[in-house]
Amino acid sequence: MWRSVYELQRIYAAFSQNIIRYFLRHPKEHRSRKVGLFFSVGLSSSRCFTFSMQYRAALAVCSQEILQFLKLYEDVDEAKIIHLTAQYDLIQRLELIWHLAELVFIQAFPSGHLAYNLCSWFHVQSQEAADDARILIEKASRPQAPQFDSRLRVEEDERFWPTVISLVLQARPHEAASVLALHSHANSRGLRSLRQLLIAMPVASHTRSKGSWNKCGAAFSQAWNYWQSECSRRFSSGEFEHAGGDPESAQGMKLILSILAGIPSVWEDPVIVQATGGSQTWYFRFVSFLFYTDQLVTVDGLSGQLDRWLSYNAIREPESGLDKVVDILVTNIFRLDFQSFFYAASEKLVDNWWFVTHFTNLLHRAYPDVLFCPANTSFPSKMEENDYPLSVTRQSSSHCVLVLPDYFLVAYVDALASDTSLLSIALGYLDYCETGRERQSTLLLTHANPVSTRATNWFVGQAHSRGLHSTSEQLCRVAARRLLPLVFHASYDQSVSSILPSCAALGWALSARDYCVVNRLAEQTLARDDGLHTDVAATCPRLPVEIAEMAAIVLGFFSDRTFGDPNSGTSTSQLVKESNKLCFSPELAFLVRYAELQQCFNDGDVTSAVDRVIDLLVTSSGSSNSVSSMGPPGKSCLSFGGCSRISMRLRLRLLTEIRHLLGKHCIRRDQVELLIAALIDLRCDFQANLDGQSDKLSTLLSRLHVLLARELASTFLSSNSAGTVESSPCEMANQA
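Residue numbering for the sequence shown follows our numbering, beginning at 241 and increasing consecutively.
Incorrect hints may appear among the rest.
[Claimed, not checked] Subject to a maximum C-alpha distance of 30 Å in a straight line, what follows is the list of computed DSS-like cross-link-like pairs (lysine-lysine): (1) Lys588 - Lys320; (2) Lys379 - Lys311; (3) Lys311 - Lys564; (4) Lys379 - Lys494; (5) Lys564 - Lys320; (6) Lys588 - Lys564; (7) Lys936 - Lys904.
[As the list claims (entries may be wrong)] Derived Cβ-Cβ restraints for the label pairs, each shown as a range: (8) Asp540 - Trp698: 43 to 53 Å; (9) Phe289 - Tyr583: 20 to 30 Å; (10) Gly561 - Ala695: 31 to 41 Å; (11) Arg575 - Ala326: 26 to 36 Å; (12) Tyr583 - Ala326: 22 to 32 Å; (13) Asn427 - Ile321: 42 to 52 Å.
In short, the hints are calculated from the structure, not lab data. Remember, it's a predicted structure, so these values are computed and weren't measured experimentally. Idealized CB from N, CA, C, for every residue including glycine.
Start from the sequences, fold in the hints, and give me the full structure.
Next up, the structure:
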């Protein structure tokens with residue numbers, strides 16, 4: 241059920257995103273270039289009207305959700321009830337304003353249709369009369385209801401006459417006549433005459449079922465004038481003085497006749513004020529006044545009619561700040577003042593940018609020349625290259641007018657981004673920003689401050705999908721440097737952690753191309769255990785795993801960049817330049833060679849694996865006479881220079897990497913000789929650095945020396961047997 245007020249934003253955005261997807265699925269109806277928040281300019285008003293109705297439906301859903309929550313959960317704390325009630329009132333007012341602006345700004349009504357549609361707006365936004373009429377009709381139609389009992393007459397219900405008068409003010413003559421038919425004196429002369437006038441009212445509507453006139457013109461004008469003159473004649477004849485059988489009915493009928501006749505003095509009657517929702521909702525009375533006094537009013541004539549109305553009917557001071565905002569916005573709509581409407585909405589509704597953002601863009605798509613400069617004026621779309629600020633100051637410059645919807649859009653995105661759960665929706669909105677899309681997306685991504693690896697990966701993916709590669713690198717750089725204190729902390733216990741922060745930091749640093757950090761991490765990892773220690777497994781049990789993983793990360797990163805994505809856009813010269821930066825670190829070069837060694841073992845390429853072990857053992861600092869690390873084609877993507885003289889512990893470890901190969905006759909003689917030379921060199925260094933705790937390692941080196949000597953001897957025996965095979969081709973063929 242309802243969890244927080246931010247669920248409102250989710251519902252708003254869900255409907256908006258559906259509209260965006262529609263235009264992406266129907267590119268032929270609109271311009272192929274994706275511009276603006278929703279769709280291309282020049283859209284037909286009928287299509288905009290359809291989407292405007294969907295926006296109003298979103299607002300209606302939100303208000304109904306809040307109302308349902310308030311009804312089901314009565315034990316909610318008072319502060320939350322007050323807050324949700326205020327939100328409910330706000331959303332209802334937003335729907336009211338949107339509906340009115342839709343009728344005046346977007347829809348194009350011919351003469352005669354506007355007044356009726358404004359009354360329909362009154363009817364939709366004030367459903368109390370329709371609900372009461374339904375209740376009265378259902379109550380009177382029950383079989384058990386004593387319809388002919390004079391003691392329970394329908395007109396005695398306190399809702400009867402206010403309902404009839406409200407339906408008349410809403411230009412619903414047939415519904416009003418249906419309620420009047422429930423009157424106990426419905427067949428009297430006065431009530432029959434009134435119902436005849438209501439049913440005969442000429443109504444201009446696009447829908448044939450709502451009125452008898454689909455086309456307006458001289459014929460409709462004559463019919464309306466004749467009908468209204470007939471209403472005036474019957475009202476002045478006095479036939480309704482004592483109609484209805486009681487004074488209340490007679491007064492109600494005379495008031496209805498006064499409305500139908502369009503008498504100006506009747507609009508301040510307290511009954512009419514109450515029927516239209518009170519003095520605060522003066523705009524409902526105004527549209528009823530328009531319908532009965534100027535049936536053929538057009539959009540251009542609304543401002544003059546409003547001045548005429550205000551000259552006779554003063555607007556009372558609003559009781560609340562929200563009522564004052566509604567009065568300002570409704571007045572701007574009736575005056576057809578687009579700029580004042582949007583500026584007032586942005587100024588007064590600062591806590592709800594959704595309204596002004598969506599309606600501004602919707603209006604621009606229907607009428608691009610209303611708010612924007614001519615189409616031949618070009619403005620750059622990349623704010624990173626042409627960075628000029630958005631402005632909403634009241635200036636006549638075309639640029640200020642051009643970026644107005646984008647200003648509202650950015651403000652709405654900021655409001656969404658204040659809640660991290662709505663950040664993906666905020667980024668989706670920025671994708672439809674005409675100016676400053678890259679700049680605003682960059683600011684939003686970089687200021688989000690992700691605190692977990694999953695969140696950082698999501699932000700990096702969002703940046704990549706939008707082509708913001710520098711932003712993704714910046715996010716990776718921040719993630720890498722956030723892990724550095726943990727990697728370099730002297731008291732860090734790796735045996736306790738299930739995650740290697742050095743490997744994670746290395747991955748982020750490579751993605752960010754922060755090669756200073758990459759080299760520093762490699763140096764730190766290889767120098768963590770300087771020298772030979774018999775208890776290396778106890779002091780740092782995860783160090784061998786760490787070295788192997790870091791080596792695989794470095795090699796895999798450049799392998800993917802070289803062969804994994806041919807369309808990545810990275811040139812060969814760029815790859816060489818990046819690899820040269822890494823060659824400045826001998827430790828990093830060692831990691832890459834070590835990763836290639838592990839890959840050779842995994843592939844079963846023993847010869848190449850032994851070559852790489854020898855290369856790592858005999859290469860001195862800065863030398864270039866090492867065994868080539870390229871190997872067979874496709875085995876390696878980058879060739880690094882020589883590495884420095886590595887520690888004795890790592891050299892011993894490299895020798896033990898081939899220990900399982902000894903005795904299997906898979907190592908060449910020259911390779912064994914080089915391995916023995918490297919072992920002798922290691923034993924000399926070992927003798928020069930005796931620390932009194934190296935008996936076990938000395939024994940291990942001696943055993944390795946013996947094994948290598950045996951392997952060398954076996955190579956001589958293999959050579960002799962090979963010569964024998966060469967002299968017997970038939971035997972060699974049989975062995976194959």
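22 to 32 Å was suggested as the range; check whether the CB atoms of Tyr583 and Ala326 agree with it. 24 Å, holds
Given the range 42 to 52 Å, decide if the beta-carbon distance of Asn427 to Ile321 lies inside it. 50 Å, holds
State, for the Cβ atoms of Gly561 and Ala695, whether the hinted interval 31 to 41 Å holds or is violated. 39 Å, holds
Straight-line Cα separation of Lys936 and Lys904 no greater than 30 Å? 26 Å, holds
With the threshold set at 30 Å, check whether the alpha-carbon distance from Lys379 to Lys311 stays at or below it. The given pair, whose Cα atoms are some 25 Å apart, holds under the 30 Å limit.
Lys588 and Lys564 were given as a pair; does the straight-line alpha-carbon distance stay at or below 30 Å? 9 Å, holds
Should the hint that Arg575 and Ala326 are 26 to 36 Å apart at their CB atoms be regarded as holding? 28 Å, holds
Would you check the hint for Lys564 and Lys320, treating anything up to 30 Å between C-alpha atoms as holding? 24 Å, holds
Lys379 and Lys494 were given as a pair; does the straight-line alpha-carbon distance stay at or below 30 Å? 26 Å, holds
Is the straight-line distance between the alpha-carbon of Lys588 and that of Lys320 30 Å or less? The hint holds at about 23 Å.
Regarding Phe289 and Tyr583, is the given constraint of 20 to 30 Å on their beta-carbon distance met? Holds, since Phe289 and Tyr583 (Cβ atoms, about 24 Å apart) stay within the stated range.
Would the pair Lys311 and Lys564 pass a check requiring their Cα atoms to be no farther apart than 30 Å? 28 Å, holds
Hint compliance for this structure: no hint is broken.
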